[in-house]
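Going line by line, the protein sequences match chains A and B.
Position in the first sequence (first residue = 1) + 7 = the numbering used here.
Position in the second sequence (first residue = 1) + 4 = the numbering used here.
If you are wondering where the hints come from, they were derived from the structure by calculation, not from laboratory data.
You may find that some hints are simply not true.
One side only, chain B facing chain A, incomplete, derived with CB under 8 Å [what the hints assert, rightly or not]:
#	residue
1	G49
2	M54
3	G59
4	S69
5	L71
6	G73
7	Q91
8	G95
9	R141
10	T145
11	E146
12	S299
Straight line, CA to CA, 30 Å or less: simulated BS3-like cross-link-like pairs of lysine-lysine [claimed, not checked]:
#	chain 1	residue 1	chain 2	residue 2
13	B	K242	A	K131
14	A	K319	A	K362
15	B	K76	A	K400
16	A	K472	A	K386
17	A	K154	A	K98
18	A	K370	A	K224
Just so it is clear, CB atoms sit at the ideal spot from N, CA and C, and this is done for glycine as well.
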Amino acid sequence: MKLNRRSLLKLSAATMAAGAVGLPSFAQAIDELVIAYNVNLPSWDPTVGPSAVNPTIQGLYQSVFDQYILQQPDLTPAPGLLTEWGWSDDKKQVWMTVREGVTWHDGSPFTAEDVAWSLARVAKPETGSPIQFVWGTLANHRVEGNKVIADVAQFDPTIFKWMYFLTGYVLPKTYYEKVGAEGFEAAPIGTGPYMVEKFERNAYVRLKANANYWGGKPDFDTVTIKFVPDAAARVAEVESGNSHVTLEMPYEEYDRLKGGPLAGVSAPISDIGMIFLNDIEVMTDANVRKAAAHAIDKQAIIDRLLSGYGVKIDTLETPEYAAYDASITVEYSPEKAVELLAASGYSVDNPVKFKIQTTKGFKPKDYEMIQAIVGLWRKVGIEAEIEVYEIAKHYELRAADQLAPAAFYNWGNSVGDPTTSTGFAMFGPSPHSVWDGEDLIGMIGPRWGEADEAKRIEGWKAVDKYIAENALVIPLLQYVQPILHAPGVVVTPHASGALLPHLMKRA
Amino acid sequence: MCGLHMEGLGPMQILRVLLLRLLTTAITLAGVAVIVFFVIRVVPGNPIAMMLPPGATDEDIARLSALYGLDKPIVTQFGIWLSGVVQGDFGTSITTRQPVLALVLGRLPATLELSIMALVMAMILGGVAALAGTRFRGGRTEGAIDVANGMALSVPDFLWGLVLILLFGVLVPIFHISGRVTPSLELPFVTDFYLFESLFRLRFDLWADIVAHMFMPALALAIPLAAIIGQLLKQSLKETMNLDYVTLSRTKGYGETRVILREALRNAALPTLTLVGVQFTFLIGGTVIIERLFSYEGLGNMAIDAVVNRDLPLIQGIVILFAVIFTGVNLIVDLLYTVLNPRLRHG
């Protein structure tokens, strides 16, 4: 081919035009599903490092890897790689039956050895699993036929729930030992519905359907997941037809687009917004705490700031959680708040003062919500000063128990167990708890090792009731996740918030 | 910035000046390394607190801190890191679990290509604006160009990015909104310089796809810089147009356009060149936000993730690489200025 300036320009113009024409549109049938995802995927190992405990990334992991136990869209467990599981009668052992006929993405057979090895690996401190404190409660993992048995080193009633929660993934023993951690990062394999075909960090991952998937081959043969952290760019991606599905956009944008060329699905997920109260300064006064709780009109905040996308909550349990109790309520009553404050000598003219910390933009309308709450508080005699901080600072301050008297935060609990919501958030000795009152520690303590499940859940409900009555924390709302998609795709939302391509079908 | 002072110097003395400049550059980089290492460890937010889920105990915090070497005194950590750096080991990223040096060097070409494309766009847009403004000075055209320049300067690059996304991504969708290349394309590249290598391989299909991805982020970066270049170059050109040698050219009967292009431009371009050098470093800094907005897989996008996740080794690596680029560009501009400025070249 002879090239000169003119021919080069012509060719460039032609190829540019071809590229432009090649941009997708809504009218085209979807051959390759493209998803604009809201976070980057830093690492492929779902069991170690910060990514392993990032709830937003779990949808990506679950496309490639299977968890020990399958979690269904309504958060309930179902047989996955483990078909059955349970405790011995004396609770000294756990047993798990492993699904047969499953293969890894490289074609090698999945066995009980993989399960035993995966569990033993994350139980070792040197592996660096952030959840080692849970996996370490099992020891002496061994294989008997297609069963895995492990000894209980420390009884944890939630151990099987962790098998469909953070870091609860099965990795391929033989392959991992052969290629090592670095090789696994470069070419990860799992037993999940999709296989990694191409991965560009900070850009995209291209997935191919696993034809041998034990749960059935996914509807879309090829899925490209683009990492688009900016919400405006994600909206533009689906609006222009460059992507078919996206999530986590401003609710106003969701409302604008869902009735037009795009379809939308919005469902409550397991993330909640809450205000931690620290047992310092004025928060040691029960009247102040209770007044702060009664003065917040949660429904109005949801309706006006979040366009109605939220579910008001009065405990740290959402309706999908095991220990949810609809009878525990905290009414919105500014009059009661005024009375309570008056009993402690405060009024609008002599307000009680404290600081409230919040993130700004980390969760939808977080700062605006706190502004609205501070406005409601001002009307009853509470003057709160807002301090904006980064989420990283929140973690550090919380771990050091140095949060302000009030601090906004969001809490995820996709297994829906009270241990991983009320338990970890409110148990004083935990570095993640903020309220350290001895009375609450005394109530929660016996819950950890309760072997009778019904008694355990009832116990947690009692804890939640006590917390609500004494306003030891202020639960605000359960978030709703907005998902926009092309009309050619049917999206099944997952209450954990994970956006899962294998749950998407052609319309 | 006014170039290296080499008036009347011999070759050995010039070499000495250059070596001195390289030494000061090395000291600057060492200073940056020290500052960034200590500052990111002092600001609130540590990677272990980010990593630990609820339910973790103080022992878990201690265990993971030890695993990542964060349990040692900061000075000791610095010593360990520095001894690694001198051996070419910048540590391992906490979030990606990959060697930092490989990560940042792998992303550098994408950022360099974006910056260079933005620079070329800025020079073309700014140059055309300056030439047109000079050619039609005093008229409506110059007024319109001044207004456009003012608009371009008053809007930050990321807002230009949003405007471009709306215009060319949504309303008239002719460019790609995110990424660097279409994922379904097979890439035969052996380097990470996709744009240059696609040209080198005469793969114009790939080149067009890459340009269609880079166009909007590069233009968003280029618009404010183009305005600055346009303003300064026009000012220089107008001053030059009043000089005697330009008047002489006119008296020879040359047309105004030819006088501007052939006589005035070369002399007027010198101050603009210096400015472009300085602004180029700012332009690279601007890639951080723009790469994030367009999900462009460069250093800037990676830098934001590193900061959000408090990935200390990766932050250090990226900052040092940016510092190397900044000091390197400044050095090159100084040398170029010296080469192009006849007064400095000949003493």
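Each hint, compared with the structure:
1. Taken as an interface hint, G49 (chain B) checks out: its beta carbon lies about 3 Å from the nearest beta carbon of chain A, inside 8 Å.
2. With a least beta-carbon distance of about 5 Å to chain A, the hint placing M54 (chain B) at the interface is held under the 8 Å criterion.
3. Checking G59 (chain B) against chain A: minimum C-beta separation of about 5 Å stays under 8 Å; hint holds.
4. Here the hint on S69 (chain B) is broken, as its CB sits about 11 Å from the closest CB of chain A, past 8 Å.
5. Below 8 Å, beta-carbon pairs count as interface contacts, and L71 (chain B) has one with chain A at about 5 Å; its hint therefore holds.
6. The beta carbon of G73 (chain B) is not positioned within 8 Å of any beta carbon in chain A (closest approach about 12 Å), and the interface hint is therefore violated.
7. A distance limit of 8 Å between C-beta atoms decides the matter here; for Q91 (chain B) the minimum to chain A is near 19 Å, and the interface restraint is violated.
8. Interface restraint check: G95 (chain B) against chain A, minimum CB-CB distance 14 Å, threshold 8 Å, status violated.
9. For R141 (chain B), the interface hint is violated, since its Cβ never comes within 8 Å of a Cβ in chain A; the closest pair sits about 31 Å apart.
10. Hint status for T145 (chain B) relative to chain A: violated, with the closest Cβ pair at about 27 Å, above 8 Å.
11. For E146 (chain B), the suggested interface contact is broken, since its CB lies about 30 Å from the closest CB of chain A, more than 8 Å.
12. The criterion of a C-beta within 8 Å of any C-beta in chain A is met by S299 (chain B), whose closest approach is roughly 5 Å, and the hint holds.
13. Between K242 (chain B) and K131 (chain A) the CA atoms are separated by roughly 73 Å; this puts the pair beyond 30 Å, and the hint is violated.
14. Restraint check: the Cα-Cα separation between K319 (chain A) and K362 (chain A) comes to about 24 Å, which is no more than 30 Å; the hinted pair holds.
15. For the proposed pair K76 (chain B) and K400 (chain A), the alpha carbon gap of about 21 Å is at most 30 Å, so the pair holds.
16. Taking the CA atoms of K472 (chain A) and K386 (chain A), the gap is about 27 Å. The hint holds against a cut of 30 Å.
17. Only pairs whose Cα atoms come within 30 Å are accepted, and K154 (chain A) paired with K98 (chain A) is accepted, the gap being roughly 17 Å.
18. A C-alpha spacing of about 35 Å is found between K370 (chain A) and K224 (chain A), which places the hinted pair above 30 Å, so the restraint is violated.
Hints 4, 6, 7, 8, 9, 10, 11, 13 and 18 from the list above are not met by this structure, while the remaining hints are.
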